[in-house]
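Build out the structure end to end from the sequences listed, making use of the hints.
Each chain is listed here by its residues.
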Amino acid sequence: MLVPDDLRYSKDHEWARPAGTTVRVGITDYAQDALGDVVFVDLPAVGKVVSAGDVLGEVESTKSVSEVYAPVGGTVVAVNASLSEAPEKLNADPYGDGWLCDIEVADADAPSSLLDADAYRRLTGS
Amino acid sequence: MTPAPAESGPPEVPTSLRHTPLVDAHVALGAKLVEFGGWEMPVAYPSGTVAEHRACRTAAVAFDVSHLGTVRVGGPDAFDLLQRTLTNDLARIGPGRAQYTHLLDDDGSVADDIIVWWVDDGWFDVMPNASNTSRVVAALGGTDTTSARAVIAVQGPDARARLEKVAPDAASVGRFCVSRFAWDGVECTAAGTGYTGEDGVECAVPAAAARSFWEAVLAEGVVPAGLGARDTLRLEAGLPLHGHELGPGISPLQAGLGWVVGWAKGDFKGRAALERERAAGPARSLRGLLADGRQPPREGAHVRSGDAVVGRVTSGNFSPMLERGIAMAFVDTSAGVDVGDRLVAVVRGREVPVTVTKPRFWPPAAGGAAVPSGAGGS
Numbered sequence: 001m002l003v004p005d006d007l008r009y010s011k012d013h014e015w016a017r018p019a020g021t022t023v024r025v026g027i028t029d030y031a032q033d034a035l036g037d038v039v040f041v042d043l044p045a046v047g048k049v050v051s052a053g054d055v056l057g058e059v060e061s062t063k064s065v066s067e068v069y070a071p072v073g074g075t076v077v078a079v080n081a082s083l084s085e086a087p088e089k090l091n092a093d094p095y096g097d098g099w100l101c102d103i104e105v106a107d108a109d110a111p112s113s114l115l116d117a118d119a120y121r122r123l124t125g126s
Numbered sequence: 001m002t003p004a005p006a007e008s009g010p011p012e013v014p015t016s017l018r019h020t021p022l023v024d025a026h027v028a029l030g031a032k033l034v035e036f037g038g039w040e041m042p043v044a045y046p047s048g049t050v051a052e053h054r055a056c057r058t059a060a061v062a063f064d065v066s067h068l069g070t071v072r073v074g075g076p077d078a079f080d081l082l083q084r085t086l087t088n089d090l091a092r093i094g095p096g097r098a099q100y101t102h103l104l105d106d107d108g109s110v111a112d113d114i115i116v117w118w119v120d121d122g123w124f125d126v127m128p129n130a131s132n133t134s135r136v137v138a139a140l141g142g143t144d145t146t147s148a149r150a151v152i153a154v155q156g157p158d159a160r161a162r163l164e165k166v167a168p169d170a171a172s173v174g175r176f177c178v179s180r181f182a183w184d185g186v187e188c189t190a191a192g193t194g195y196t197g198e199d200g201v202e203c204a205v206p207a208a209a210a211r212s213f214w215e216a217v218l219a220e221g222v223v224p225a226g227l228g229a230r231d232t233l234r235l236e237a238g239l240p241l242h243g244h245e246l247g248p249g250i251s252p253l254q255a256g257l258g259w260v261v262g263w264a265k266g267d268f269k270g271r272a273a274l275e276r277e278r279a280a281g282p283a284r285s286l287r288g289l290l291a292d293g294r295q296p297p298r299e300g301a302h303v304r305s306g307d308a309v310v311g312r313v314t315s316g317n318f319s320p321m322l323e324r325g326i327a328m329a330f331v332d333t334s335a336g337v338d339v340g341d342r343l344v345a346v347v348r349g350r351e352v353p354v355t356v357t358k359p360r361f362w363p364p365a366a367g368g369a370a371v372p373s374g375a376g377g378s
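Protein chains in written order, with my numbering: chain E, 1 to 126; chain D, 1 to 378.
Quick caveat, the hints were computed from the structure, so don't treat them as lab data.
Covered by chain E, according to a simulated footprint, are these stretches of chain D (three or more residues, beta-carbon under 8 Å):
hint: 1; segment: 40–50
hint: 2; segment: 295–303
Capping the alpha-carbon separation at 27 Å, the derived lysine-lysine pairs in DSS-like fashion look like this:
hint: 3; chain 1: D; residue 1: Lys32; chain 2: E; residue 2: Lys89
hint: 4; chain 1: E; residue 1: Lys48; chain 2: E; residue 2: Lys11
hint: 5; chain 1: D; residue 1: Lys32; chain 2: E; residue 2: Lys11
hint: 6; chain 1: E; residue 1: Lys11; chain 2: E; residue 2: Lys89
Ideal placement from N, C-alpha and C gives every residue a C-beta, glycine not left out.
Right, dumping it as structure tokens:
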């Protein structure tokens, strides 16, 4: 499974990519592989305020449905609306075109409390 | 993210799983294996369920369905035994034909749905669902020959053309016909049956020859497909799955399968209860639900008309051909719901608007307004 070195990870298989005060969020390659073909994504509303660990949305495959949790707290400032018609992007490019949303964080250090790539590889046996 | 089953159901904790003669071939292909009915089976290969589904609608796929049981019933009394045990009327067919039928409980519930291959005079291969094989043996006797063979289902519009290159005598078997064929020096059985809504052939091959037969079929460009695609294909085609649309408390009449009942023959197990239900009219009936969008109504979701709960979803998923959520649901007859009515399925607290259809989504009905034109052309 692909685990890019430059990202941070939650134990629940979300990734976080900090860029200034904004953190881009998605699900990991491990997560998309476990789900199988994703057929529906329920995204949060822009403007939604979340704490770390809150439910951000749902990702549904032909065989299962999973809640996605916010790896960091803050305000949802953008969502990947293209997923509503093309949720298969989560399978094809989980760290790129398959991103879920951008969260503006109150605490710019928040991502540093997440797992680094090595720790996430150990967690998943990748 | 916490993966959880999309459909509710009793958790099964198997102690030891059975394997088909093809398990090593599935692992070599990179299949993801899951528990199903006491067996470890491929749910999908690396191309994924949606791609496998579309390959079956547009070309040809092969499923390992060796987990289905084979119960061999033979001898001079076999015909009469099957006639008084199963619902359908074998007098409608003859040797060399296959028939879909039900085993009922005394209350008219469907204990199992079954395909009978009438292979030859006095030789019936009765094929129950994997987890119901022992129940069928208890009802019929016979010999459980499941572990002696693999069953490979080649399905799709190109299935026969591809299979012809491997086993021409199998490829030419008629729809709902059964014939013997030789492959690589071993005797096999082919039936023009399947569970996808497409034409195809199911081949029972002795276990020792199963892997080489499977690989010969795949070498003709047939795509391996797993149980994930098998489920979305059967749902799209409106075919019932035991434990969902059939099972305890569900009669063939409720499921819209009155044609499976041989009313013109004599007594059979469950007949009295079924006759009472026929006279009174079934209290609920199976309907299709077509969602407006992609989100599938899922098993267990309540179906509402206004504020009233009028039914419950038995199976729901995403339709790869329609690119919309689809489901089957039992709807109370007293609610007076008709095809075309607008209802709501309540899926994990969210209201999913749906249109009532016949419980069959593919092929699209000619002029059917519920089906978007041009969908699923990929």
